[in-house]
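Asker: What follows is each chain in one-letter form.
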Amino acid sequence: MTVELFRDFWWLMFPIFGMVMAVLGMAREARAEDEVIARARRELEQRQ
Amino acid sequence: MTFAEFFASYWWLMFPIFGMFLAAMGVFQDDARSTKAMDLIRTYVNQGKDPPPELLQMVAQDAESARGGAPSEHGRAWSFIVFAALSAGLGTGYYFVRAEDWAFAFLIGAVATGVMAVGALFLLVFGRKS
Numbered sequence: 001m002t003v004e005l006f007r008d009f010w011w012l013m014f015p016i017f018g019m020v021m022a023v024l025g026m027a028r029e030a031r032a033e034d035e036v037i038a039r040a041r042r043e044l045e046q047r048q
Numbered sequence: 049m050t051f052a053e054f055f056a057s058y059w060w061l062m063f064p065i066f067g068m069f070l071a072a073m074g075v076f077q078d079d080a081r082s083t084k085a086m087d088l089i090r091t092y093v094n095q096g097k098d099p100p101p102e103l104l105q106m107v108a109q110d111a112e113s114a115r116g117g118a119p120s121e122h123g124r125a126w127s128f129i130v131f132a133a134l135s136a137g138l139g140t141g142y143y144f145v146r147a148e149d150w151a152f153a154f155l156i157g158a159v160a161t162g163v164m165a166v167g168a169l170f171l172l173v174f175g176r177k178s
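Here the protein sequences line up with chains E and R, keeping their order. Per our numbering, the first sequence starts with residue 1, numbered consecutively. Per our numbering, the second sequence starts with residue 49, numbered consecutively.
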């Protein structure tokens with residue numbers, strides 16, 4: 001069954017790879033923006 | 049119904065489900081982050097200080113994307129190329145597997161991306177010039 005499933009749907013690995021990359025890209029962007037906010041908050045606390 | 053049968057019948061559902069998941073995740077994340085950033089900017093302003101430029105830039109970008117800011121001409125041309133390529137690829141895929149029961153999935157994809165390519169071309173030709 002596994003072999004048949006792979007034979008019929010092997011090409012799905014490409015869109016699935018795209019989906020994984022999209023999620024990773026989104027997570028990376030979110031982390032970078034969170035870092036901007038955290039840095040701004042730290043600056044604000046240091047200046048007080 | 050076995051897992052293989054179930055998967056063979058409904059594999060295509062993973063794409064719209066993934067799209068919905070990503071869209072929902074993006075909306076909730078952007079909203080929460082924008083609220084945090086705006087609160088922080090308000091605190092800076094209340095204390096008479098200038099907010100960091102990267103924070104202002106981030107909020108401006110979020111606002112622009114929430115407003116559905118118009119992409120540049122280059123972006124529109126790229127959208128047209130991507131959608132046209134996807135449509136051509138899916139159309140070719142449909143042609144090769146048209147005898148199969150599940151070939152309709154390729155046709156739906158080809159038509160949907162074809163319509164998007166035409167829309168992108170329309171915006172490229174008649175849209176507001178940046």
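Any given hint could be a false lead.
[As the list claims (entries may be wrong)] Quick list of the computed label-pair ranges, beta carbon to beta carbon:
1. R:Trp59 to E:Ala32: 21 to 27 Å
2. E:Ala38 to R:Gly74: 19 to 25 Å
3. R:Ala80 to E:Leu5: 35 to 41 Å
4. R:Phe174 to E:Glu35: 27 to 33 Å
5. E:Ala32 to R:Pro64: 27 to 33 Å
6. R:Glu112 to E:Glu4: 34 to 40 Å
7. R:Phe54 to E:Arg39: 25 to 31 Å
8. R:Gln95 to E:Phe14: 16 to 22 Å
9. R:Phe66 to E:Ala32: 19 to 25 Å
10. R:Arg90 to E:Leu5: 21 to 27 Å
[To be verified] Which residues of chain R face chain E? A few of them, derived with a C-beta cut under 10 Å, are:
11. Phe51
12. Phe69
13. Ser127
These aren't lab readings, by the way, just hints derived from the structure by calculation. Just so you know, these numbers come straight off a predicted model, no measurement behind them. From the three backbone atoms N, C-alpha and C, an ideal C-beta is built for every residue, glycine too.
Asker: If a hint holds in the structure, say so; if it does not, say that too.
Answerer: Against the structure, the hints:
| no. | hint | result |
| --- | --- | --- |
| 1 | R:Trp59 to E:Ala32: 21 to 27 Å | violated, 34 Å |
| 2 | E:Ala38 to R:Gly74: 19 to 25 Å | holds, 20 Å |
| 3 | R:Ala80 to E:Leu5: 35 to 41 Å | holds, 39 Å |
| 4 | R:Phe174 to E:Glu35: 27 to 33 Å | violated, 40 Å |
| 5 | E:Ala32 to R:Pro64: 27 to 33 Å | holds, 28 Å |
| 6 | R:Glu112 to E:Glu4: 34 to 40 Å | violated, 49 Å |
| 7 | R:Phe54 to E:Arg39: 25 to 31 Å | violated, 48 Å |
| 8 | R:Gln95 to E:Phe14: 16 to 22 Å | violated, 52 Å |
| 9 | R:Phe66 to E:Ala32: 19 to 25 Å | holds, 23 Å |
| 10 | R:Arg90 to E:Leu5: 21 to 27 Å | violated, 54 Å |
| 11 | Phe51 | holds, 8 Å |
| 12 | Phe69 | holds, 9 Å |
| 13 | Ser127 | violated, 16 Å |
The structure is inconsistent with the numbered hints 1, 4, 6, 7, 8, 10 and 13, although it conforms to all the rest.
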